[in-house]
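Protein chains in written order, with our numbering: chain A, 1 to 410; chain B, 1 to 410; chain C, 1 to 410; chain D, 1 to 410.
No copy is singled out in the list; a pair is fine if it fits within one copy or between any two copies.
Simulated pairs of lysine-lysine, DSSO-like, Cα-Cα distance not exceeding 27 Å: (1) K378 - K331; (2) K378 - K7; (3) K75 - K7; (4) K309 - K263; (5) K7 - K309; (6) K347 - K240; (7) K340 - K240; (8) K135 - K280; (9) K396 - K203; (10) K149 - K75; (11) K400 - K7; (12) K243 - K347; (13) K7 - K133; (14) K7 - K197; (15) K340 - K407; (16) K378 - K75; (17) K203 - K407; (18) K309 - K133; (19) K226 - K113.
The set of hints was computed from the structure by calculation and includes no laboratory data.
4 protein chains.
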Amino acid sequence: MQTNKRKIINDPIYGFVTLPDDIVYDIINHPYFQRLRRIKQLGLTNLVYPGALHTRFHHAIGAMHLMSEALQVLKSKGVEITDDETRGALNAILLHDIGHGPFSHALEHSIVKGVSHEDISSLIMDDLNHQFKGKLSTAIRIFNNQYPKTFLHQLVSSQLDMDRLDYLKRDSFFTGVSEGVISTDRIIKMLNVVDDKLVVEAKGIYSIEKFLIARRLMYWQVYLHKTVLSAENLLVNILKRAKELSSAGTELFATPVLSLFLKNDFTKDDFIKKPELLEKFAKLDDYDIMASLKSWADGDDFILSTLSKNMLERNLYRTELQSEAIAVSYKNNLIDKAVKKYSITRKEAAYFVFSDSVNNTAYNSSNYSINILFNNGKLLDVAEASDVLNLQALNKVVTKYFICYPKDLQ
Amino acid sequence: MQTNKRKIINDPIYGFVTLPDDIVYDIINHPYFQRLRRIKQLGLTNLVYPGALHTRFHHAIGAMHLMSEALQVLKSKGVEITDDETRGALNAILLHDIGHGPFSHALEHSIVKGVSHEDISSLIMDDLNHQFKGKLSTAIRIFNNQYPKTFLHQLVSSQLDMDRLDYLKRDSFFTGVSEGVISTDRIIKMLNVVDDKLVVEAKGIYSIEKFLIARRLMYWQVYLHKTVLSAENLLVNILKRAKELSSAGTELFATPVLSLFLKNDFTKDDFIKKPELLEKFAKLDDYDIMASLKSWADGDDFILSTLSKNMLERNLYRTELQSEAIAVSYKNNLIDKAVKKYSITRKEAAYFVFSDSVNNTAYNSSNYSINILFNNGKLLDVAEASDVLNLQALNKVVTKYFICYPKDLQ
Amino acid sequence: MQTNKRKIINDPIYGFVTLPDDIVYDIINHPYFQRLRRIKQLGLTNLVYPGALHTRFHHAIGAMHLMSEALQVLKSKGVEITDDETRGALNAILLHDIGHGPFSHALEHSIVKGVSHEDISSLIMDDLNHQFKGKLSTAIRIFNNQYPKTFLHQLVSSQLDMDRLDYLKRDSFFTGVSEGVISTDRIIKMLNVVDDKLVVEAKGIYSIEKFLIARRLMYWQVYLHKTVLSAENLLVNILKRAKELSSAGTELFATPVLSLFLKNDFTKDDFIKKPELLEKFAKLDDYDIMASLKSWADGDDFILSTLSKNMLERNLYRTELQSEAIAVSYKNNLIDKAVKKYSITRKEAAYFVFSDSVNNTAYNSSNYSINILFNNGKLLDVAEASDVLNLQALNKVVTKYFICYPKDLQ
Amino acid sequence: MQTNKRKIINDPIYGFVTLPDDIVYDIINHPYFQRLRRIKQLGLTNLVYPGALHTRFHHAIGAMHLMSEALQVLKSKGVEITDDETRGALNAILLHDIGHGPFSHALEHSIVKGVSHEDISSLIMDDLNHQFKGKLSTAIRIFNNQYPKTFLHQLVSSQLDMDRLDYLKRDSFFTGVSEGVISTDRIIKMLNVVDDKLVVEAKGIYSIEKFLIARRLMYWQVYLHKTVLSAENLLVNILKRAKELSSAGTELFATPVLSLFLKNDFTKDDFIKKPELLEKFAKLDDYDIMASLKSWADGDDFILSTLSKNMLERNLYRTELQSEAIAVSYKNNLIDKAVKKYSITRKEAAYFVFSDSVNNTAYNSSNYSINILFNNGKLLDVAEASDVLNLQALNKVVTKYFICYPKDLQ
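Modelling step: build the complete structure from the supplied sequences, incorporating the hints.
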């Protein structure tokens, strides 16, 4: 029995990932988890970095692999971790993204407003725990930081969790942006636990610095790249328009499951009361969105068809990203042009011309700070421990403002 | 103008790919080419190697990049190649896969029987040449081996073409199967032209041997991996069943463009006579197939819904792959079980239990053999030139037989 | 105590190597082992591949790392391996090269004729075992194949031992010859033990094929590269000449320890009888050879100074490497030219013009063949198991003949 | 003729390096340059990172390769660079380290005090220019910043020169410290020239930030690693003692060329007046130092033999590295112990217990600042251009203090 489930999964990043436990194997084979094969980790980023097609499925397994290695390192240093806790931590990290819908950001701004992917994750975990007869209880307690050993939660969710370690490395690998490469191996070998808190031994300080800087660089070079912002906002607008039309009674082609969410406004409460709703949501993936969008490109509504066609042909908004707020007059001028050029109302013009801001903090000392353990036993927040780089600066929230508008408006 | 089109594309394999020419930029931005972003290079291989999600879009650009390097090397060795020929070769390789539909193999065995992707490629190239006012004429002549300089065609299509160099390297990278890693850099630096034929300088012989062996290993480890065969045949059967039902008048949910091809049997002649058909086909991508398939999983037809659900939940056929033909009695016994277990006819059982064969030749001396150029000017077929490995053996066609059946039948 | 010796060593190939045991730490810190820091793994190969400067020190630690991983994999599959056996296997692989002198090949053909590096290894291990109070007894038994569990010896020395796995990967990495890259991770995860014999599970067959082919390609592309042969033979001749002069009473500058071996002809018996001789030998490293050679370049003897200068300025022999034996007349003609050009005797001309042969077998079925374990429990020699490549061919001994002569002779 | 010199050199980092010009080939084959094969780039760093055995030879060729790529990129952007300038820049970077002795730092603090490696480089270049009949004149002018086109000098020597790009990448590769990995390919593709100054296009700003941070991390993790400092200072002390003894008339074993420099105190003036002195110096390499040191380990002088033995057996000083100055009392206490333990004078104790400081600035705005070119044509110092990281902080000089003493003193 056991050995049949000791599957090996190929990963171009780690080489080979061995599934360390039967329950891990069973979770991975559950339809809820298999759905993650059809949800890209980085949404529309592949329009800028064509290799970035990796999925939340691969990421979750990668993070589980790192968790397995981290637990082994900690045990070898004498940290007590029971078999139940090991399974709990492995399952918690495996399921940390289970509630993500396709293009989460876009969905949450248009189709399932008011229901976050964290809410859905929680509901799905409970459902799975029920199906697996309570075997996920420890995992859920660790995930929700309700388990006595805090460091286990930190491995799942903190500023130095296995989630971040995997996604930085993975996103860097598949985009080809070498700035994000980090030494997960090195960082993990330097982990330790002091007073129930995850710490990093002093020798690993440079790897941590590199990790924090890599993260910030990845934010600006990939996650908040202006063309990625442009594509994501285009999708938000497409879904908003589709929802607007559907709500107004227009019959739009859509896959059955997307159709349901286009025509109705479900609340978190609805999800709790009607379990079949969760099941429906758990069928939604990238294919529903893109296949429906493809048909809209040939539809009658000028706004919906134009935006959808722009997406398919990668005719994205021009985006200006800057440190200062967007001047109102500049924006108004562009709106005027859009109204005139496309013969639309000012309200409709918001689908074509809009502005917003994004921000990022590389490190946040106030929230589970990363502590460095020195040979003399002293602990120091990494931001203070480093005299090499000015890491204090990474505490700073960096905000950038952007405006999007069609290229032919200029 | 010019400089705006000198775009740089990130590729995790080559680092940076520079678009060498305006026409290359224009082709890449054409909707026909953008569609390739939505067609995975390796179809369902990601069910076995989860990283294998790369697209024909990325492959075509990678192959173009290698072509650009190969042309530069040849020019530096004194081979005369005009600017028009350079553009021709770049465009030819860029478009070599343009006619591929989603999951080509599956499609050609079910939906568009009798119309090969080569046929479609040819039609699309002609259409594009018309749109680009004849600028693709040289590319098309090179592609069809109608251009006087044969070596240009060999760079596009032969046993050592830029297509193979890129796909081996790319598939190896994204699957994580290191057996396929080849030294494209080294091979390209060793290329030369003698008597209008592409040759490899003697120093590169080991790289060529490695390339031939890598290719054979990739065939058995990836392209013809038994679980990949299982998944592909599952999709063939799903599409066959959907077509069968549609033809019989059953109304199935499907995206508009897939619907058209499910309900009709188009011939190559239809494609030639009705240009709008080509346009429709050029809208079909992975999303149409999977989104439609997803809805079928909830449908009424036992066969279609069972197979579709199996695909979504990665409940693939058990596949046995072997050197000897499948025993008829063994197969019949499994069919009997299926008939009984699922209460279906023997004819319907073919959707669940079936056998076939696959074969592969690593190298074929008779078809544009790879010639090694020795320092004394002598040319030798690589199969003869090598005294290190027994490359003659690679000429052999290796055939394997397989049978697929549901796991619960055993 | 323990933890202080849990050192981590950086390895650009494996990332981090953890020393798994105190005794491993102590051996590495012994002067006998530290000497390996000053002995290059590939002798003069850096004259062809400038990156190939890695040492036997690094290789031995790398092989120990792979051994540690292999033992862990086997244990996880239920193979019984005691702590004493673990330590024994680790120490055995760590010490497998301990008797190598600098440029072993050259030394054994000139300075310490009749005493092989295997002899020295054996003597050093016994000496160390004495110093470590018998703690190396198991290691020595495993090394000499006198330990009951044969598979432990196979991990140290067979056609699929940790030595080969590390050196292929390491030599490939540092030379930059990607043909030699192998998947050590994959191969090791596929190891198992059946009837006390090391076997490879069927899934790993392609990795083994890749490994055998990589090894053969590395032989011809690196280890027996004609310019490497040229450099090694130049060194052999330099040392022969130095020995010849020393024996005849000429006082040559040399480091004290090299001087001892230049002036005397020690036999294996001498080494056994005079322990201080072993101690002297264990001080000899690359620096003694090259530093002495450097001074010879400015010396009086025409032959010794010419050859030494040629080495320093990388003015190597021209080497012709071919499948047929060297024609006697061709060689004689070159000798005649040398005699005339340098005004030397025919006997002396042998320092300038000489021929020899080299050979290589990629795989040898008769000597601890590599066995593949199929799912049905059947074992097959890899040469028979593979229907993909013609591995039988790898059994063939390939012999090549070469002649060396100064470039200015032609 | 030409083609024979078009040699290809294997580099595990760049794959293949093509020698772009005959003169490059001729310089590389000159004995002065071949000597660099015997001088490790990172001195004794291999005692901490065992892979760090790469030589100045390999580095110089690597930097030449990057120069060749940079010049090609600039030409493709319309920057005018003549063939003579191309050759000049290639030769300048090739020769930029030609004057380095073995373990430069140690030598300049002991054997050739008052004569820097820059002085020697200059003398050797003049000598070579004489031998090559003036063909190096442009290279020398570029090297000395006497050539009108300043950007050529910047490519050879500035805060973003090809020297730094290569050594960061190379040192990172061979040590295995992934923190130093930089995207040389990306940086070079972003280079441009404005008003005769080298600039980086705005798109490359993240790569520059990564480069600056990588450099700082490499300083603390490798170049100024406390154990590396320990080893280097041990060598300085060994050579100081050897010189002290030699000056006092003690006859020490040493290779002829090292002997000369041990027995005499040459000034820069001596080097200018006696050309044969330069020739002697140009024979000194790592082998002279280590081979002589090896014999000293068996010598009579307690200090010299103890220190030499410590080096050979890697019994390095314990080193404490800290942000605050070393307390005088702490140091004195250790000296007292040394005096007592080894029965030596306080003056002699300085060979065993000593303190010093090291410092590093990652970036220096005042010295050829790195300028970022924005799309609007505006130029900004990278320290100001970046709003992402606090690069201003990199301007800061970081100083650290260290004390070394034998482990057995504590």
